[in-house]
Structures are given as C-alpha cells and as structure tokens.
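Visitor: Spelled out from the first residue to the last, the chains are:
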Amino acid sequence: MPEEKKVVLKIDQMSHSFGGLKAVSNFNLDLPEGVIWGIIGPNGAGKTTVFNLVTGVYRPSQGHIHLLGEEITGKKPFTIVAKGAARTFQNIRLFGNIPVLDNVRIGMHKNYRPSMFDCVIRDGKFRRAEKKMREESMELLARFNLHGRADEIAKNLPYGEQRRLEIARALATNPKLLLLDEPAAGMNPNEVDKLMEMVYLIRDEFKLTILLIEHQMRFVMRICEWIKVMDFGETIAEGVASQIQNNPRVIEAYLGKGVN
Amino acid sequence: AAPSTPTPTPTATASSPTPTPTTPPPGGDIIIGCVAPLTGDSATFGKSTQNGVQQALDETNAKGGLLGGRQLILKTADDKSDPTEGAAGITRLIEQDKIVAEIGTVQSKVSLAIAPILQAKKIPMVSPTSTNEKVTLVGDFIFRACFIDNFQGTVGAAFAYTNLKVTKAAALFDVGNDYTKGLAESFRDAFTLLGGTIVGFEAHPTGATDFNAQLTKLIAAGPELLYLSDYYNDVGLICKQARALGYKGYFLGGDGWDSPDLVKIGGADVEGGFFTNHFSKDDTRPEVQTFVKAYTAKYGEAPDALAALAYDAANLMLDAITRAGSTDGTAIRDALKTSNFKAVSGTIKFDANRNPIKAAVIIEIKGGQQAYKATVAP
Amino acid sequence: MELTTFFQQLINGLQLGAIYALIALGYTMVYGIIRLINFAHADFLMVGAFAVYFFASFILTLTNAIPPIILFILGLIVALVAGALIAELSNRLAYKPLRYKPRLSALITAVGVSMFLEYFFASLPFIGPSFRAFPDLLKPVSFVVGGVYLNNIQLLDIGLAIVLMILLTFIVNRTMMGKAMRAVSQDKDAAKLMGINVERTITFVFLIGGALAGAAGILMAMTYPRIYPNMGILPGLKAFVAAVLGGIGNIPGAMLGGFLLGIAEIYATSYNSLLGEGIAFAILIIVLLVRPQGLLGEKQSEKV
Amino acid sequence: MALALEVKDLHVAYGGIKALRGISVKVEACSIVTMIGANGAGKSTTLRAISGIVAKQSGHVTFFDKDITSTPAHIIVAMGISHVPEGRRMFATLSVMENLEIATYTRHDKKEFAESLETVFSLFPRLKERRKQLAGTLSGGEQQMLAVGRAMMTHGKVMLLDEPSMGLAPVLVEEIFRTIKKINELGTTILLVEQNARMALEYSNYAYVLEVGVVSAEGPSSQLLDDPRVKEAYLGG
Amino acid sequence: MKKVWRNLPTLRLLIYAVALYILLMLLSSGGILNDYLMIIINICLIYVILATSLNLINGITGLFSVGHMGFAAVGAYVAGTFTTLVWKLPNDGSVSTTLLFIVALVLGGIGAAIVGALIGMPALRLKGDYLAIVTLGFGEIIRTIINNIDAVGGPRGLLGIPALSSFTIIFVATVVTVLILRYLVYSSHGRAMISVREDATAADLVGINTTKYKVWAFVIGAFFAGIGGGLLAHLIQLAHPTQYGFYASFLVLIVVYIGGVGSMTGSILAAFVLTILEKYLLPMLLQWAGLGVEWRMVIYSLLLIIVMIYRPEGLMPREAKFMIPEDH
Ligand SMILES: Nc1ncnc2c1ncn2[C@@H]1O[C@H](COP(=O)(O)OP(=O)(O)OP(=O)(O)O)[C@@H](O)[C@H]1O
Ligand SMILES: Nc1ncnc2c1ncn2[C@@H]1O[C@H](COP(=O)(O)OP(=O)(O)OP(=O)(O)O)[C@@H](O)[C@H]1O
Ligand SMILES: [Mg+2]
Ligand SMILES: [Mg+2]
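Residue numbers (the numbering used here), protein chains in the order written: chain D, 3 to 262; chain X, 1066 to 1443; chain A, 8 to 311; chain U, 35 to 271; chain S, 17 to 344.
Calculated from the structure, these hints are not laboratory results. Treat the numbers as computed from the prediction; the structure is a model and nothing was measured. Please note: incorrect hints may appear among the correct ones.
[Unchecked claim] Below 27 Å or equal to it, Euclidean Cα-Cα: the simulated BS3-like pairs (lysine-lysine) are:
1) Lys157/D / Lys143/S
2) Lys143/S / Lys78/D
3) Lys228/S / Lys178/D
4) Lys108/A / Lys157/D
5) Lys228/S / Lys133/D
6) Lys195/A / Lys90/U
7) Lys1199/X / Lys1363/X
8) Lys228/S / Lys77/D
9) Lys144/U / Lys108/A
10) Lys90/U / Lys157/D
11) Lys265/U / Lys195/A
12) Lys228/S / Lys78/D
Next comes chain D alone, as it looks inside the complex (with noise of 0.2 Å):
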C-alpha cells in the first residue's frame, strides 16, 4: 500500500447485523487520495452495506469512520454528502419525474445557497446562484453526454443513461469521495469499456478517491488498483487483480472457475 498519500476513507473495526444476520463484520479500510479501488464479494457478502453504513443510511453497531480525517460514524448522509462523500445506488435512485437538468442542479444545492428570503425576492444574489448553477449543470452534463437530455423527465431515460446521470448527479455535490455500487450493471462489455474511460477521466479531472462496487470481472479487474474480497460480512482477501484472480478461496466463493 502506497504510504505518503493521505487517507481519504479510514474505516475501523466496522461491523454491522440486521437483526441476527452478520452483515458487515470488523471491516477496515484505508483509502488513499486519488485511487480507484474495488470491493467484490459474493451476492449477499454486505458490500453495499458498506456503503450504507459509510454514507449514514444505517448507523454502525461497532466501529469507526473517518472521512478526510474526521469522524463520521453515526452522522446524518446530507452531512456526510457535504464533507465530501457521493454515492450512486445499485438499484437506481433518480429524481424520476422532473428534468434532468434539476437532478444535477439538486446535486448542487448544498454549494450554491441563497437564503429563500433571497429567493422569494429574487435578489441579485438569487439570480447569480442560478445562473452558475445552471452553467454548471450544463457542463457536467455534456461531461456525461446527456447534455441533449437536459429537459427530459430522467425515468424516462434508458437505463444506461440513468445510470450516467446518477454519476453526474452524485459529482454535482463536488465530493472528494465517490461510492459507485454496481455502476457498469446492465450494461454490455461494450458499453462498459465506455464507462471504464469515463471513470478514469472523472477520478482526474474532479480529483477524486473512488470506491466501487461490481460483478464484472471485466471491469474490476483492469480498473481496480486494489481489491477487497468480502465474504458473510469478513473480508476474506486483499490485494490487486491479480493476486485476487489466483487466489483459491475467492475463486473457490466467488469467481468459479471458467471466468475471464
């Protein structure tokens, strides 16, 4: 593990149960700046809990997080969004009625904040607020090809464009963090190369510490610098691709023989 770099995500002795069921159990992590790492694991081995419980839908039963190198365990998810940690959701989660314009401009609501007394007066400093925001939607749109889209209601997106706007949406908090749980679901190996680019051109240009989530191995593999193997909530194997394609008891829990 690279040493000099800061720790980004610092997640300590983390564990987790619904009801009896052990979902996440003593999971550690230190995620260095500007990286792309991958947790993999069996259906069921508790990684999107991970990131519940990382960006604050369920509070830990044990356990510690720090984000940039503050303690985060148990905040609420709109003040962990706002000290820098966007995810994306594996079953995908837009603002399904309204333009997409307005998914990335609600991304974009903690950073840009007139008071609703400036809104309802529609002062200056309303009008500059919306007029930035508006300019920055755009471009984060056309980033993701969907600048065309802007005025379409997102449910009725396709879902691979769904799944790209979910991202936008997600940057338009301006994070440092991003948590994408099963981003390249759905999506066939072509377009999946697509997203492989697209990753490794937003983690540079918004400077970003990426976290993910994923099943094809196809993506995992060439993307991820460093894998995590979760497995009944224990993480069962660590290293890079291929240190996890060789090792016997991920192949034995999760990769199976004949795949890639």
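With the hints as your guide, set chains X, A, U and S with the ligands onto chain D.
Guide: For chains X, A, U and S with the ligands alone, kept in the frame of chain D given last:
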C-alpha cells in the same frame, strides 16, 4: 315516517296551489328567503325548517296572497351548517332572487354570519331557532321566534325542583353544539340556585353514538334526574344506554326532544321523560290544531319543534308585511317590532332585543305519545 | 373510581372497541392490498345498515312471528351482501379506471365516493337526511354480574370482532388467494407473471372488505339503533385511526388498535369528558412517534 | 420443428415513445434463443409484450400456434409462458418461501411443489437458508436468485429470461447459465435477454440483435459469435 | 431601472394582477358583479391561498398532509382575537385599520406556522399515509382544543370579528401569497423540496437536509393557511370550530388534487372552478331544473369522481418542465 312515504321536494313552490289572479297585482310576487342547512349533519333540521316556512307561505297564498293578491315565493339556499356557505347563500338570495325578508337560519353560528349582511341591506330576518343571545344583537333588523338559551334551562330546573321534587340532578350535553351546551349550563345554574345539587355535568362530542362512559360516571354519582339537552336522536340513544346501565331516575330535556322519532329511537326507555317546548300538539288552540293537521297532511309526518318555529317565524314575517303594507325592509322591521301575533308557539311579542316573549310548556312522553303537562309563563 | 365503575367502564370500552375493530378490519384489509385509504368504507357500512333496515322493516310488516335469531341471521346476510355489492360497485365504476394511475388520485376519488354516497342517500326521497330508528333484530337482554351491566349485543359485537379477525388473518396469510392478494399489493405486473388474475383478486378484496363493512354496519345499528346517511363518518374516522394505530395493513393490529382505542376513549372520557374527543388522536400521535409503523406493523426498513 | 413462439411485426409504445417498431422473432420449441442489444434497444419490451404486461400497438404473437396477441397476462402465464422480469420484481413483504409458493398459483400441487422446491434450493442454497426472510431485504443478487427460482417453479413450456445474470457474482453467473441449459434440456424453451452477450451466445442456439426497436441482425449463435460487427459492438474488444 | 428590467417576469405578473384587479373593481362598481359574485370571488381567492399553500406541502414536498384547515383555524382565531380585542380599544383614527389588520393577519400566520412546525416534527419520522392520518389527527385536536376554550367562544365560536376583509385586501394577499410560493418553488430551495418528494433517501444522499425542508414546508404552508384563515374570519365576521374540521380540510385537498397536485397554476384554477361550480353554477342549475338544493353536493361529488377518472392527474398535470428562464 313510514319509509315508503316520499317527502315532497322542498322547492315545491311550483306545485303549490296558487290561484293565478287574472290581473297581476302591482309589484309582482313577494320573494321570501330561507337559508337552512339542507345537507350535511343538520340536514334533517334544515328540512323541517324549510317545510314549516313553505307551509306558512302556501297557506297565505291559498288565501289569496298578501298586499292585494301578491303571491309569496320561497327561495332557499343550503348553508351546509357552514357560516361561509350561509354568507354566500344569503347574498345570492338578496342579489339574484331579490328577497324582501329572510326566515332562518337554524344554527346560531350561521345566523351570525348572515345577520350582518341582512342588517347592512336593511332586510329583516327572523330566525326560527337560533338561540344564541348575540344573534339579534347584530342589529335591529334581526329577530327570532325561539327562546334564548337560558330560558328553557331555567324553566326545566324549576319544573324538576318544584314539580318533580328532585334535589340531585346531572346533565349531559353536546360539547360541540352551543345550543345544548347553553341549555345544560342554564339548567345547572338555575337548579343550583333553587337549592338542588348537580352531581354530574358531562359533555360528549358531536356525532357520538356511545355515551356509556359519561353515563356510567353520572349514574355512579346517583342523580334522581338526568338533564339531556340534546336533540331527539341523541336523546333516544342516551336514554336507551342509561337504562341499560341500570339508571332508574327521571329524564328531562328541551325542545330538541320534539320529534316523532324520539319514541321510535328511544322506545320504551324514553317513556316518562319530560321536556320543555314551545307548544304542545295537544294544545286545543285553533292555531295549533290547524297547523298540526295541515302539516301532517302535507308532509306525512307530524311537525317537530323546528317546523313549528319556522312556521311561526314565517307567519310573524307575513303578519308584519301585511301590517307594514309594503315590502320595504324598514317598514317591515317597524311592524315586526310591534308584533302581537297568535302563533303556534303562543302569543308572541318582541322585547327590546327582538327576542320573543312567550310561555313554555312542559310535555311528558306517555304511552309513546306527547302529553301536555304544564305551562310556564316567562 | 369504584371497582364496579371501573369494570363497567372496561365493558363499555370493549364494546366501543369492538365496533371500531369491526370497521378497522375492513379498512386495514383493503388498505393492505390496494394501498388505498378507502374513505368510502364507512359509507359502505351505512349502506349495509340501511339495507338491513329496509329488509327488516319489510319482513316485520309481513309477520311478527319470525324468531329473532333467524331475523338476525337473515339481516346479517343482507348486510354482508349489500356491503360487498356496494364495495364492488364502487371498485368497478370509480377505482378500477385509476388502477395504474397515481395512487392519490384514487384516494381523492374515494373521498368523492364517500361524499357521493352520503349526499345521495340524504337526497333520496325515501331515505332523506333524517335519523331512523333501527328495529330490534335481537331482543336486548341485559344481565348484571357483580354490579356490572352487560347485554347480549355487546357480547355479540366483541365475539364477532374476534371471530372475523381470525377468519381474515387466515384468509390473508394462509390461503393461496390471500397470498395472491398480498402479491398484488406489492407489484401488479409481477403478480400477473405469476398467473394471478389481478382484477379478480382485487374484486375479491373489495367483496370481503365490503362484507366486513356490512357486518360492522348491522352490528353498529343494533348497538346504537339510530341510523342516518352520515352515521359512518365519525366511527369510520376513529376506526381508521385504530387501523393505523395497530399498523395499517395488519389484521390483528386493526383489532388491537380498535379495542385499545375504545378502552382508552372510554377511560379518558370518564376521567374528563372533554379529553375523550381528542384522546384517539393524541394516543395515535404518541404511538406513532415511538413506533412509526404502528403497534403490530412490520418495520419497513428501506433497503438502499 | 414446431415453433414455440412467434412474434410478428410487433409495435409497442410507452406513451409517446416508440419502443418497438416492428420486431419479428421466432423461437423453436426446445431451443435457447437469445436477444442482445444496447441499452434501450427494446429487449425487455419485447419480452413484456409477449407475456402481455404491456399493450401491443400492432403485430401478432403466437404460442404453439395459438394466437395470444390479446390474451391477458395471467392467462398467458397459465398457458405455459413464464417470465423473469427485468429488475427482479420481488414481492417485497412476502417471505422467500411465499414468493416461491405464489409462483405456483395457477395450479398448486403439493407433490410437484416439493419437487420443484428441491431443485430450486439445490441450485440456490442461499434461498433455502433464507426462506423465512422477507424478499425485500435480500441483497441484490439474492433477489435475482429468487426471481429465477420463482420462474422455475411455474414449469412453463417457455421461459422468458430478462438479464438473469445481472448483479450476480461470477460464480453464480456460470451456474445460472448451466441451469438454463439444464432447464432447457428438460424440455423448456428459452428466450433469453442478456448483456453478457458472449456467454449468452455460447449457450444459445439462435440469436437476434436488436437496435432501437428493430432487429438488426439474426442467425445461429455460433455464427454471430464470429461476426466482426457483433464482436465489435457487443462482445467487447 | 436595469434592475426593474431584469425583474421583468415579476413585473409582468404584477401588471396582470393589477389589470385583473382594476377590471374586477370596475365590474363591481358598475354593478355587473353584484355582492353575491363578489363574495364568491372573495371565497375563491381565499381558497387559492389555502390550496396553493397546501400544494407546497403535498404537491411540492410530497408530504401527504390532510389537516390543512387546522392551520387556517389557528390563523383565524389568532387574527380574530387580536382584532376583536384591539377594536375594543379607543382609536382616534391615528392608527390605520388596514395596518392593524395586516398585523393581525401576520400574527395569525405566525401562530399557524408555529403549529406547523410542531406538526412538521412527527413528519420527520412518518411516511405517506401515516403522516396523513397524523396531520388529520392534529387538525382534529386543534379543533377540539378550540372547542373547549371558552375565552374564544368554545362551541359558540369567536363572534363579533370586525368586517375587515375587503376585496382589495384579499386580492393583494392572494397575489402576494402566490408570488412568494411560486418564487420559492422555482428556486433552489423549491428543488430541494421536490427532491424530498421524489426520493427522500436519495435526496439525503445528495446533501439535502430533508428534515429541514420537511419542517419548512409545513411552516410555510401553515403560515399562508393561517393568513387564509384570518381573511376568512374577517370576511364572514366569525370563526367557528366546525368550519375547520377534517371535512373542510378535505375540500381544500380536493381543490389541490383536482387542480393537479404539484401544480400551483392548477390549484389556482381549481380554486376558482370548484368554488364557482359549487356556490354559483350548481345552485343556479338546480333552480333552473327545479331540483332541490340538496342535490347540489350529489352532483358536485359525482363530478369530482368523473374528473378524477378522466383526468387522474388533475386539470393541470404537474408542471413537468421545471426550468427557470434565465431572466426570471
Ligand atoms: N435492511 C435489511 N434488513 C435485513 N437484512 C438485510 C437488510 N439489508 C441487507 N440485508 C442482508 O444483509 C446481507 C448483505 O446485504 P448487502 O446488500 O450488503 O449485500 P451485497 O454484498 O451488496 O450483495 P449483492 O452483490 O447481491 O448486492 C444480505 O444477506 C442481505 O439479505
Ligand atoms: N415504462 C416505460 N415508460 C416509458 N418509456 C419506457 C418504459 N420502459 C422502457 N421505455 C423506453 O423504451 C425503450 C426500450 O426500452 P427497453 O427497456 O425495452 O430496452 P432494453 O433493450 O431492455 O434496454 P436495457 O438493456 O437497458 O434493459 C427505451 O427507449 C426506454 O427508455
Ligand atoms: Mg449490493
Ligand atoms: Mg431491459
């Protein structure tokens, strides 16, 4: 009423027997307004009121109308027991139907919303049943045909204490209804003043059907008499539930009891109950007998207190118009002030605050019928 | 409070609670499957009561010799059928066209159906807005146990509420139709893919729900023998509160909520009659603050 | 060989959006046919139209020579078409077991049920473990298992599978494809929609490529596997 | 000058409003709009206030609140109590009655807003229908409390409220309310509220303080409902608990949904259409057809059902396009 008996449509003006005069009298028809709760929770009261007014108008029309043969036409508006609706309704009657007088409305809260409008337009109003003192205080065009709240309670208390020789009484009333609350409070005050003890004083919410909690508590306090200021439909249920809980004492109430349905709902359990009223159907005065007969013939059921008061209110107004000799509001008002009219509910004069001065009667439920018991002068 | 009074109030509470529970069962069942707060449920109750009223009045004009128990059973059947029919009629005409539309449109339609039934019945010349005395189907028989007054109709209310709750729980949880109903409530398209006839299933729900309303109607009319077109509004509202209190969609919850509310209301009233009116809502709010899903409701933890 | 399914010139629109503009697909009995295509091409819509949960604007669907174009969905299912829909569509507040039970709604038979359950559980032991859990709280992949398991319970003559491998761990992806093959060998005709195009083509007999609502290519799967255009567009370099 | 120019849409709306006002005033003084029509217009305008403010809670923020008249009641009673008390004091004419009335209305609004904040609290924990029933409960509790306070008349109602709600004041209040709500909705804060409606969890996870916006929606919605209540009380000169029960709340809810939930324009339109239908057209129609007035609500509810079936999204479906013109 037998369920199969259809009630005639309320705006039956067209079907009323109107002998068409060959030459229309000068001034044309006289339009009388009636705002009443014709839908909603109090629709049944609105209906009786409307029937009573219609009856009065029809009778006058049959006698050849007013002011030299002018026919009377009733225009109604539904207030849904809502003051806002009442206000809209009365302005409609004033502006579009050009009413010269208003009979109504039933509830004080709505009367209070329409009275200022009528006062401003100088159109006289007689409310048949709004018992709140404030209603007629709105202005000198506003009259009423009923007792104000505290009269009946006082009469009831006197009857309980002196005639029934009761010393311990309790009361149950509808907390959301100013009429029943007012009655119960005045009964309580008067009864205590006479030397009796009020052992329980309980409220129930509007629309309740279950009074067991209050009754259990009241009965446990051992009253000899229960004062029930509710309307007949609640009273029927209350009496039933009280007897089922083992209550053996008297029931006493106000004019809200006056309906043929009281006995139907309450059955044997209301037997022996007493209530104060404006008139008795057994009263042999011709005003009463002709009214009761004609009303029953027309609507297929005996009139209740609301119908009788509405009938009186309308006749008071018609009498005033006749005496005023015109449909001018101020003239009618002046005539109303000097009323001395033999109404169904007694001979009515108005006091300085335009409240009627008239006697109350006590009625007993006997063998499923109303029986005249006593008259109490004011 | 004296002990006899205490127990008398408990009986009073159980009886009121039984009425709430009976209405709440239908509410909760329809809600559980269709996700529709069927505001008209309380009016189906009224329709059931009026159907029995006309039926019984008719029979009693023919003969007085009919044994009360037979009359009651016939009346109950009439109530069940009338409730079921009016419910299904509303479903067909008013709710079905909105099946795949925004959920709240159906809710507003339900308010419309409720208003319509109330006003329509009040406007019909042979019904009208007035209060009617409901004939005694069963002769009320009171008995005193240790100073506490009880009667047969109270026992009938309480017994029937429990029996219907058990029956309904069985139907919904154990039978294939019940499982189909729950599947439809989750995802209509997926239910179709399981071979479920969605419309038939929903019809079934309304028939049962309406029959329950009818049953509640006849019992309410027997307990408080005064019927009128708006008779369902207030108890309907309270029963709905009871259903939410117990966890809406949860059948035993509806019964628990009903009884709890009935008892609480009675005791609160006997403590101070002004308290009684708001107590239902106060309890509800407090309970929901502590247990947002209601007493027996499943916690819907959202899977993100 | 008999045709299990035939789709002729199918048009479907959602509101104003045209999703299918004349799709024709033939599925021979006892074969595995796959449909591949980019996002939004109309693959799922085709399946939905066959099983009757979206309305068809025009076109015909026949199932073993019976016209089912306007047959309601629940009857189509009863006739023997089972459909694993896109996005899993669990009955979230029913337990895993109840979800499986409901799949046998049309003809519930205790013995048959026990047998099918055995098969499903042996394929997905996780489901057996979690049979009392509410389906809505399963992880994404677990739900996918349940969705496939549910379709297996119905014993349809034809099974429509919409991205059954989505969100599944690689080890299960293999397993799923083997299972599909197995089901097929037992006599069930399969129409498969997959993003994992390579595997889908490897396991199927015949394939269609969809592009914005029309069929842009078709042929025996092995042939398409070698087609350079298909390779470039859908199989990844 | 430049500033005014940039505020053009506002200016345009204001010009429309002033033009409409002048038109109505001319018609009414010319006798074409009689008192009956004027009172109906006044009621329409008050319904506009009630419906748009409820729409902020229900349609924009997606919180299914059904006890809106409870807030209006608070406004009516607070404002009414204030004016009845103040009007008893000697006034030599040095204090403008209009000013005092505005103070009363704002006080009523603030009272309602405080209650709104109280109701907003459980709203944080409850979803959908559960929230609905709690707001309904709160509305009923407010009504019950008023019913039991003898100082404000209890079941007799608060009487003797001065007739201060002139057409002008109601009109101005309505325009101001609509403008403020509209501006709020078409702003970043409005979008934040909409995100709560669309998917509260997702909103939370893109940095929206959903808790705050839920409470704000209730506070602002309640404030304007309070203003509406105050105006109503001073229009009909009394406030009565039965005016503010759940049934009355449903009527406002119906306006919002018939208009199209989430559409402010729809609420305005429906407030006029429904009020005029109920209070003007139907009574006329019935009189003409010789039917009893009791059929009015039968027809009204039937129309309601029919509209819902044929236009389930309301007369004006939610403004799907949610773009703000640059110059707005
Ligand atoms: N809200 C919940 N209630 C109960 N159990 C839950 C809940 N959320 C998750 N689980 C269980 O916790 C375990 C971990 O779930 P999680 O969603 O984290 O899995 P995952 O690793 O993301 O799987 P997949 O790859 O299939 O998405 C699963 O067994 C799941 O059933
Ligand atoms: N419910 C819907 N409402 C409106 N448009 C829809 C709906 N479902 C699909 N569409 C549109 O129909 C078209 C075809 O969609 P379909 O889901 O059939 O594609 P697909 O090939 O299955 O794509 P994917 O690979 O993303 O699943 C797309 O443009 C999509 O946006
Ligand atoms: Mg997951
Ligand atoms: Mg698809």
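Visitor: Enumerate the violated hints, using their earlier numbering and listing them in ascending order.
Guide: Result: hints 7, 9 and 11 break, sorted rising.
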